[in-house]
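Construct the entire structure; sequences and hints are all you get.
Chains as they are written, first to last, in the working numbering: chain A, 1 to 314; chain B, 1 to 314.
Hints listed in this document are in silico derivations from the structure and should not be mistaken for laboratory results.
When chains are identical, the list treats them as one kind, so a pair holds in a single copy or across two.
In silico DSS-like cross-links for lysine-lysine, where the CA-CA straight-line distance does not exceed 30 Å: (1) Lys134 with Lys239; (2) Lys106 with Lys93; (3) Lys295 with Lys113; (4) Lys106 with Lys290.
2 protein chains.
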Amino acid sequence: MEAFSPEIILAARKRIAPYLHRTPVLSSSQINERLGAELYFKCENFQKTGSFKARGATNAILQLEASERERGVATHSSGNHGQALAWAAARLKVPCHVIMPSNAPKVKVAAVKGYGAKVHFCEPNLTAREAGLKEVQERYGLSFIPPFDHVNIIAGQSSAAAELIEDHPNLDAIFAPIGGGGLMAGTALSAHYFSPRTKVYAGEPEGADDAFRSFYSGELVTELQADTISDGLRTCVGKVNFPIIQALLSDIITVTDAETIAAMRLIYERLKIVIEPSCAVPLAAVIQQKERFNKQRIGIILSGGNVDLEQLPF
Amino acid sequence: MEAFSPEIILAARKRIAPYLHRTPVLSSSQINERLGAELYFKCENFQKTGSFKARGATNAILQLEASERERGVATHSSGNHGQALAWAAARLKVPCHVIMPSNAPKVKVAAVKGYGAKVHFCEPNLTAREAGLKEVQERYGLSFIPPFDHVNIIAGQSSAAAELIEDHPNLDAIFAPIGGGGLMAGTALSAHYFSPRTKVYAGEPEGADDAFRSFYSGELVTELQADTISDGLRTCVGKVNFPIIQALLSDIITVTDAETIAAMRLIYERLKIVIEPSCAVPLAAVIQQKERFNKQRIGIILSGGNVDLEQLPF
Numbered sequence: 001m002e003a004f005s006p007e008i009i010l011a012a013r014k015r016i017a018p019y020l021h022r023t024p025v026l027s028s029s030q031i032n033e034r035l036g037a038e039l040y041f042k043c044e045n046f047q048k049t050g051s052f053k054a055r056g057a058t059n060a061i062l063q064l065e066a067s068e069r070e071r072g073v074a075t076h077s078s079g080n081h082g083q084a085l086a087w088a089a090a091r092l093k094v095p096c097h098v099i100m101p102s103n104a105p106k107v108k109v110a111a112v113k114g115y116g117a118k119v120h121f122c123e124p125n126l127t128a129r130e131a132g133l134k135e136v137q138e139r140y141g142l143s144f145i146p147p148f149d150h151v152n153i154i155a156g157q158s159s160a161a162a163e164l165i166e167d168h169p170n171l172d173a174i175f176a177p178i179g180g181g182g183l184m185a186g187t188a189l190s191a192h193y194f195s196p197r198t199k200v201y202a203g204e205p206e207g208a209d210d211a212f213r214s215f216y217s218g219e220l221v222t223e224l225q226a227d228t229i230s231d232g233l234r235t236c237v238g239k240v241n242f243p244i245i246q247a248l249l250s251d252i253i254t255v256t257d258a259e260t261i262a263a264m265r266l267i268y269e270r271l272k273i274v275i276e277p278s279c280a281v282p283l284a285a286v287i288q289q290k291e292r293f294n295k296q297r298i299g300i301i302l303s304g305g306n307v308d309l310e311q312l313p314f
Numbered sequence: 001m002e003a004f005s006p007e008i009i010l011a012a013r014k015r016i017a018p019y020l021h022r023t024p025v026l027s028s029s030q031i032n033e034r035l036g037a038e039l040y041f042k043c044e045n046f047q048k049t050g051s052f053k054a055r056g057a058t059n060a061i062l063q064l065e066a067s068e069r070e071r072g073v074a075t076h077s078s079g080n081h082g083q084a085l086a087w088a089a090a091r092l093k094v095p096c097h098v099i100m101p102s103n104a105p106k107v108k109v110a111a112v113k114g115y116g117a118k119v120h121f122c123e124p125n126l127t128a129r130e131a132g133l134k135e136v137q138e139r140y141g142l143s144f145i146p147p148f149d150h151v152n153i154i155a156g157q158s159s160a161a162a163e164l165i166e167d168h169p170n171l172d173a174i175f176a177p178i179g180g181g182g183l184m185a186g187t188a189l190s191a192h193y194f195s196p197r198t199k200v201y202a203g204e205p206e207g208a209d210d211a212f213r214s215f216y217s218g219e220l221v222t223e224l225q226a227d228t229i230s231d232g233l234r235t236c237v238g239k240v241n242f243p244i245i246q247a248l249l250s251d252i253i254t255v256t257d258a259e260t261i262a263a264m265r266l267i268y269e270r271l272k273i274v275i276e277p278s279c280a281v282p283l284a285a286v287i288q289q290k291e292r293f294n295k296q297r298i299g300i301i302l303s304g305g306n307v308d309l310e311q312l313p314f
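Next up, the structure:
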């Protein structure tokens, strides 16, 4: 927590704004009627590269020294962070290398390459990924940009909630999904500094409930056998992220995949937007605890829309 | 054409504005790069009831005499117009009856009933529909609100293009899909009055190309064996609509269903929004004739987003 201040959050937001979309906030009178509450959906699925990850990646690169930017950046990712870093690096004219598992979906590999990053394949396990990253880093003198476990990433992700709070200053509650905790910690910090009466909640899949267990035991869970459709949330919360989450969240609500799929479908049908499963987890949590949030004004960060359209769960 | 003037179009827009969304305009840098043009998508899929049809239905009801509104309105429809009329009638506290074929999808029947309209079933053919409508009209003294072939419907639909032109005043071209021609005629009138240098184009499915044939023969085609995935465009152009289309359109471009599906998928992937097949027809036309529209600033009316998510063609 000591690493953060309102000034750091504001500076990150100002730093990255020229490169990113100020995403719109949507609502649906039918969803509101059904839930007896007012919901405001911050659409990061419309963000550059299709997820909020473009915010943190841009902030992290812009915080590097000129000499570091000249040499380039690296990460290991098979998901939204890899695409976001590749895009941000191209936009800022910084070389970018991404370590991807050899079994990564072709479409994700193509997206990273499409942004001009160099892809290095490794065996599909964490040891191989980390070894691959280390080797590439040393060979080219690259700066590692982690997906969530870093102050500059969290500060970048915080800008989504800061914009939502500016658009809707009287929220009773704000929800985000929790995976590694980059978006969640950033969301909690923005609410804490800029809307202190707003309570902050995480939605988490039951099949990857490390954050829930860490939050209520007080000890960070660092191993997880994830089993959930929400592929963006299959990681443990990071070390930098956990104390922020512990200090600032009111609750973590876990949901089943069936609840997530129902919420996802409701968003497709009523908001008419494309989202990925992870993105529907917070709405699933609100629906599950409808009575508790009755009559509240609730902000929901919709995290991303990178979904395989041939594999929609309905 | 004599039935219209800039004042009539402006009055309709002002009349319906309090009840409807001013829908957003989206763009995608990746779509623009791919086409070598600037595309602006007017998102009527976000409109009340999920399509532009809410505009015309609202305008038509608001133009009725007080005594007519008291008795109520009726239409026959298994698609977006039925839902739009049911919604607008409920919003304006006017009784509404909708004749629907006995084989209409349950979800569409439920939507119409959900807005509080009375549904009457008939055999699934035009004769039975018209007989059913006539009987219900006479029994309750209802005003028939047709789906497209009426001045007040066209004037209502024109407001979508009027808003787009206000947001983006320098368009070289504006596209809409053509079915009965309500949206298309309204779009052409708004461009004619408020942006006369903008050329107006229709996209039409090859498997329902009555508008194309009418436009180039000069004689209105009134029978059609439609065979297309674009279910909103399986009707012939109306008598009131045709002279406007003939006078004001630069071209009608026909596309195959395969081209429509590819354009639909591009919109899901890049704009991250949910649309129905009919809605993708204009983009399919621009993609087909990419060279012709190179470097142009092009407005596209995205007509609606009411699609069966279990039947997506990809």
